[in-house]
Amino acid sequence: MLVFRHQDGKKLASPEQMQTWMKQTMDWIGGIAAQNKFSGGNGLPFEDSKVVWPNNVVTDGPFGEIKETIGGYVIVKADSVDEAVEFAKGSPVLQGEGNSVEVRRLAKGDGLH
Amino acid sequence: MEQKELIPHLFRTEYRKIVSVLCKRFGFDQIEIAEDIASDTFLTAAQTWGLKTVPQNPVAWLYEVAKNKAKNYLQRHSLFESKIAPEIRKHDVAYYEDEIDLSPQNSNDSQLQMMFAICHPSIPPEAQIGLSLRILCGFGIEEIAEAFLTSKETINKRLYRAKEKLREERIRLELPDANQIDERLAVVLTTIYLLFNEGYYSISQNGTIRKELCLEAIRLCTMLVENKFTNKPEVAALLSLMCFHASRFEARIDKEGELILYEEQDTNLWNPELISRGGYFLNCAASGNKISKYHLEAAIAYWHTQKCDTKEKWESILQLYNRLLQMEYSPIAALNRTYALSKANGKEEAIIEAEKLQLVSNHFYFTLLGELYMGIENRKAKLAFQQALSLAKTQTDKNTIQKKIEKL
Chain E
7 MLVFRHQDGK KLASPEQMQT WMKQTMDWIG GIAAQNKFSG GNGLPFEDSK
57 VVWPNNVVTD GPFGEIKETI GGYVIVKADS VDEAVEFAKG SPVLQGEGNS
107 VEVRRLAKGD GLH
Chain Z
6 MEQKELIPHL FRTEYRKIVS VLCKRFGFDQ IEIAEDIASD TFLTAAQTWG
56 LKTVPQNPVA WLYEVAKNKA KNYLQRHSLF ESKIAPEIRK HDVAYYEDEI
106 DLSPQNSNDS QLQMMFAICH PSIPPEAQIG LSLRILCGFG IEEIAEAFLT
156 SKETINKRLY RAKEKLREER IRLELPDANQ IDERLAVVLT TIYLLFNEGY
206 YSISQNGTIR KELCLEAIRL CTMLVENKFT NKPEVAALLS LMCFHASRFE
256 ARIDKEGELI LYEEQDTNLW NPELISRGGY FLNCAASGNK ISKYHLEAAI
306 AYWHTQKCDT KEKWESILQL YNRLLQMEYS PIAALNRTYA LSKANGKEEA
356 IIEAEKLQLV SNHFYFTLLG ELYMGIENRK AKLAFQQALS LAKTQTDKNT
406 IQKKIEKL
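If you read the sequences in order, they're chains E and Z.
Throughout, this note's numbering is defined as the position within the first sequence, counted from one, plus 6.
Throughout, this note's numbering is defined as the position within the second sequence, counted from one, plus 5.
Since the hints were derived computationally from the structure, they do not count as laboratory data.
Wrong hints could be hidden among the right ones.
Claimed, not checked - Computed list of chain Z residues with no C-beta within reach of chain E, every gap over 10 Å:
| # | residue |
| --- | --- |
| 1 | 32 |
| 2 | 157 |
| 3 | 323 |
| 4 | 330 |
What the hints assert, rightly or not - Derived list of chain E stretches under chain Z, where covered just means 3 residues or more per stretch with a C-beta under 8 Å from a C-beta of chain Z:
| # | segment |
| --- | --- |
| 5 | 28 to 36 |
| 6 | 39 to 45 |
Every residue, glycine too, gets a C-beta built ideally from N, C-alpha and C.
Next comes chain E alone, as it looks inside the complex (with noise of 0.2 Å):
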């Protein structure tokens, strides 16, 4: 699985900046499922999040306290590690500064995923 882990989730992007983005990712997203690599995967928008604290305790968003948010996932069906990691560095994501892609193995199913 590749997590998208965005600095800041509080920096809006311009109409402009988010179309080149989309188009980007989906592109992407796109020459991964060419090489029928592609398994599933979803962006987590920030409207309407939260965060549940100890307590009953909700606030709103994942900003302020938090620095780091999540901004979606891709799920590739990769042979290796270094594989996912190939597709990783592909990630438009890792244009913003301060992103970062995480590479995790999913714990269920038969091998590397």
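Since the structure of chain E is already known, use the hints to place chain Z on it.
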């Protein structure tokens, strides 16, 4: 219509109705009887019409003969049954005294039910197509064999096994339950789409058969659209997709039966009526909240009916392929996506992506690589085209590739 053409024409349009209605009436285990009676009806027609004149209303004549033959059969069958099992006589008397109902309503219903029976998940896809062609499209065994480039014996065996399977599974002629409709409809749509592709991309050189396959697929899908129960957005999307594709039928094959590439087609030969029908059904498909692969493919096909060569067109096609591939991978979609990528984002990016695909047993893959390298690295383009040439199976494909090498 000449008498010589009349009977084959009527066979194509009426055989399926007679078989479906009779089969509905007799039960699926008697499908061969239904087929025999229908064939026999046409034999009688050929003999009678050849000697005398063709009746005023040939269709009504056929129905009348088919009904009589069916009644005779049921009477004989009933007498036989009543001797062995007298207790079912009462049931059987009612059985044959009823009229055989060949009204448009019952005929359409029976054909739809037949479609669902044939496309039962227990039947392998190639047998589903074979049975559809035989029973729903009135194709001869010879024509089916030609469409599949195989022998009549193979087709006969395949159809026989499929019918056995239908009997074993006790498939009934009925529409599926409402809670099963989506699942069962998906199989029907796959079969219709395969049927269409069989005609559109077929390796058979017989142009007439290829076109007929496509038109039959469109007809079957139209029946689904016309029925309230089966008229779902994805059905309209599939119909739209097939109309768009079929609109180029006259433009994509030349007089010698050779395939003409999309870029080289005479766009005046594109059929505007089919394009507008495609547009109409694409609109009908735009309801509900589910996007099927047929929606995406129909939208891609729509863009291909647009003669312009704009950035917008290729960007839209690229994004549609990106989504389609996430939904369902296929090598041809991967190749088409990479071509759209070259048009939308440039050849350099597309070359990097194309090299990753590694579809090394596919001659289209090397043709695409050749196209992408052309004008950038002609040496690599030539190598790719030569590899494509060694992998190509049909003469048409070989000629197309040879022409590209010569152009370099």
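Here is how each hint holds up against the structure:
no.	hint	verdict
1	32	holds (44 Å)
2	157	holds (37 Å)
3	323	violated (7 Å)
4	330	violated (4 Å)
5	28 to 36	holds (count 5)
6	39 to 45	holds (count 5)
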